[in-house]
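Student: Spelled out from the first residue to the last, the chains are:
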Amino acid sequence: MIWRSFESEWVKMRRRRLWYGSYLAITGVVLLTTIVTIAGALHHANDRGDLTLAQLAHATGLSQGLMQSGILLGAVSFSIAAFQFGGEFSHGTLRNLLVRQPRRSVLMTGKCLAVLTFLVGAVMVAAIVGLCAAFAMAHLRSVPTSAWTSGVGMGDLGIVLGDLAISTCGFAIIGMIAGVLLRSSVIAIAAGLAVLLPVETIVTDAVPGAARWLPAQLLEAIAQGGSTGASFRAALITMSAYLAGAVVITMLVFVRRDVTA
Amino acid sequence: MHVAALATEPVTRAIGQRTDCYAVVTRGLTKRFGKRLAVDGLDLVIPAGSISGFVGQNGAGKTTTIRMLLGLIRPTAGRGTVLGHPLGRSRAYLPRVGALIEGPTFYPALSGRENLMVLARLSGIDNRRVDAALERVGLGTRGLDPFRTYSLGMRQRLGIAAALLPGPELLVLDEPTNGLDPQGIAEIRAMLRSFADEGMTVFVSSHLLAEIQQICEHLVVIETGRLLFQGGVEELLAARAPELIVRTENQNHAKRLLQLVMGTGRSARIVGDNESTTLEVLADCSWAADLNRLAMANGITLVHLAERRSTLEEAFFEITRVSANQGIQGSDPARGAGGADGGTKAWSERPGRP
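Top line first, the protein sequences correspond to chains A and B.
So for the first sequence, the working numbering puts the first residue at 33; every next one is plus one.
So for the second sequence, the working numbering puts the first residue at 74; every next one is plus one.
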């Protein structure tokens with residue numbers, strides 16, 4: 033049953049415009065952060081602890097650009113997921129789907145898995161392009177890359193990709209929740225991005241320790257393998273609890289709410 | 074009792090009749106949105122294998138009723154069965170139901186075929202069924218074009234194709250002819266007839282009363298969420314007193330004939346202005362010969378004498394007018410007591426003339 037719902041959603045997501053648009057946006061984000069990160073690396077360390085060329089030459093240097101792309105990738109993933117779910121209400125297509133699949137939880141789970149696989153696939157493709165760009169930029173800035181291809185370097189890259197995938201899925205699930213609860217893709221994207229980006233940033237700056245409990249800050253911490261505001265482990269546990277609670281509430285609302293759209 | 078429990082309780086016992094003769098049976102079906110009562114104690118009976126019309130003004134509760142039948146909206150109260158299964162267990166009957174609800178809504182960027190594939194995949198329906206449905210509604214050659222390029226008629230047909238995907242026993246169509254030109258309406262009409270010929274039960278809501286009259290055998294009329302009539306279309310039309318239309322040679326004859334007819338105790342009136350020569354006489358065609366003799370005996374020459382069959386539109390307006398009058402007078406409006414066996418009190422006890 034969930035597989036059917038998954039397959040059905042993939043019929044929608046196979047359309048070229050969505051495919052190209054999403055993959056290009058995500059690849060663009062990764063390319064941008066990779067180029068900016070390596071181009072901005074300093075020759076000498078400063079007081080703020082900004083990235084230096086010497087640090088880039090370490091085994092972890094390859095994944096530095098990817099790690100910085102977490103919040104932007106999250107924003108794109110959030111928007112795509114909110115569009116996919118909110119659009120069912122905005123277009124009025126949800127009623128057609130529910131007549132053919134009355135088990136609402138099954139429909140939602142299948143759709144959710146389809147969107148997550150789509151986004152994780154896009155992140156992986158973007159990562160490959162980003163890594164190629166990282167090697168090109170390293171050459172331009174004369175950064176030695178022998179450590180990048182070592183076993184340690186590859187292991188670190190695998191961990192960063194995993195963290196990035198978890199963070200992307202987290203943002204996407206928040207996007208789906210916003211789409212279902214607000215029943216409009218436009219409102220969900222506008223309200224969601226406003227809260228996740230500027231509002232959270234302002235609150236984080238204004239309230240000490242806010243990064244330990246604000247969702248976007250936690251997901252960014254996960255993407256970066258931990259941040260100054262929250263450790264990776266704490267961020268993962270807190271975010272998992274948030275998402276589990278929110279998914280259960282959203283599922284209950286979705287299952288019980290009248291479909292008038 | 075909890076609403077969900079009400080909705081899943083078999084309706085057979087409550088109504089006291091076999092549900093296998095009926096595709097849809099509801100008892101006291103009610104939906105309230107906040108303070109607004111959208112559907113009020115609806116007792117619906119749709120005979121299996123028929124084309125049933127669902128008629129009511131905008132906001133009468135048609136779409137809300139249809140959504141409740143399809144499990145999209147939870148009833149506030151009442152119970153019912155669709156294809157023999159309780160309303161609350163829509164997953165048991167929806168695989169055998171096709172529906173077009175409130176106009177065709179699809180993904181604009183996907184082709185007609187892809188849109189149907191999205192729905193087909195959900196129910197595990199074969200791709201060949203998708204192509205067959207497109208062919209069936211005449212979209213075989215346009216199936217690969219994006220939905221956004223479709224005309225209104227093509228969109229309606231794609232909606233019907235989507236409803237046909239599961240090979241349904243019950244087809245629920247909400248305003249399938251909305252916005253169509255006469256040619257498109259005729260095509261949809263022919264299509265609905267062919268579905269019924271194949272044994273499907275078709276439940277179709279429409280504002281186009283002339284269309285409903287042409288294709289439906291059974292009719293449900295609701296207003297402000299309440300049932301005003303359900304039964305055979307012919308039964309509804311026959312319940313309205315027939316009229317004879319008479320035209321005399323001149324205006325004086327018309328006035329004299331009016332007096333003569335009134336003298337027999339029948340209702341009659343001159344139609345139109347003072348110059349008119351046309352009379353409407355409340356009588357069926359069996360009295361036409363007597364009327365002709367009466368005129369001849371009094372030296373009145375008739376140039377036209379015919380029975381006038383009432384239209385569904387007239388019947389609809391009268392039925393809703395009677396209901397409104399009863400509402401104004403403070404009495405309980407007719408509640409459709411006739412069920413599947415006959416029309417409602419609202420119609421049979423209507424006043425003699427408008």
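It is worth saying that the hints were derived from the structure and are not from the lab.
Some hints here could point you the wrong way.
Claimed, not checked - Partial selection, computed: residues in chain B whose CB lies under 10 Å from chain A:
{"id": "1", "residue": "Leu167"}
{"id": "2", "residue": "Gly232"}
{"id": "3", "residue": "Gly252"}
Claimed, not checked - Covered by chain B, according to a simulated footprint, are these stretches of chain A (three or more residues, beta-carbon under 8 Å):
{"id": "4", "region": "44 to 57"}
{"id": "5", "region": "122 to 131"}
Claimed, not checked - Here are the in silico distance ranges between beta carbons for each label pair:
{"id": "6", "chain 1": "B", "residue 1": "His280", "chain 2": "A", "residue 2": "Val218", "range": "47 to 57 Å"}
{"id": "7", "chain 1": "A", "residue 1": "Thr292", "chain 2": "B", "residue 2": "Leu225", "range": "43 to 53 Å"}
{"id": "8", "chain 1": "B", "residue 1": "Ala259", "chain 2": "A", "residue 2": "Ile281", "range": "42 to 52 Å"}
{"id": "9", "chain 1": "B", "residue 1": "Gly338", "chain 2": "A", "residue 2": "Asp290", "range": "37 to 47 Å"}
{"id": "10", "chain 1": "B", "residue 1": "Leu110", "chain 2": "A", "residue 2": "Val287", "range": "21 to 31 Å"}
{"id": "11", "chain 1": "A", "residue 1": "Thr292", "chain 2": "B", "residue 2": "Asp199", "range": "27 to 37 Å"}
{"id": "12", "chain 1": "A", "residue 1": "Ile281", "chain 2": "B", "residue 2": "Pro120", "range": "56 to 66 Å"}
Ideal Cβ placement from N, Cα and C applies to all residues, glycine included.
Student: Determine for every hint whether it applies to the structure shown.
Tutor: For each hint, the structure was consulted:
| no. | hint | in the structure |
| --- | --- | --- |
| 1 | Leu167 | holds (5 Å) |
| 2 | Gly232 | holds (9 Å) |
| 3 | Gly252 | violated (16 Å) |
| 4 | 44 to 57 | holds (count 4) |
| 5 | 122 to 131 | holds (count 8) |
| 6 | His280(B) to Val218(A): 47 to 57 Å | violated (31 Å) |
| 7 | Thr292(A) to Leu225(B): 43 to 53 Å | violated (23 Å) |
| 8 | Ala259(B) to Ile281(A): 42 to 52 Å | holds (50 Å) |
| 9 | Gly338(B) to Asp290(A): 37 to 47 Å | violated (55 Å) |
| 10 | Leu110(B) to Val287(A): 21 to 31 Å | holds (25 Å) |
| 11 | Thr292(A) to Asp199(B): 27 to 37 Å | holds (32 Å) |
| 12 | Ile281(A) to Pro120(B): 56 to 66 Å | violated (43 Å) |
Hints 3, 6, 7, 9, 12 from the list above are not met by this structure, while the remaining hints are.
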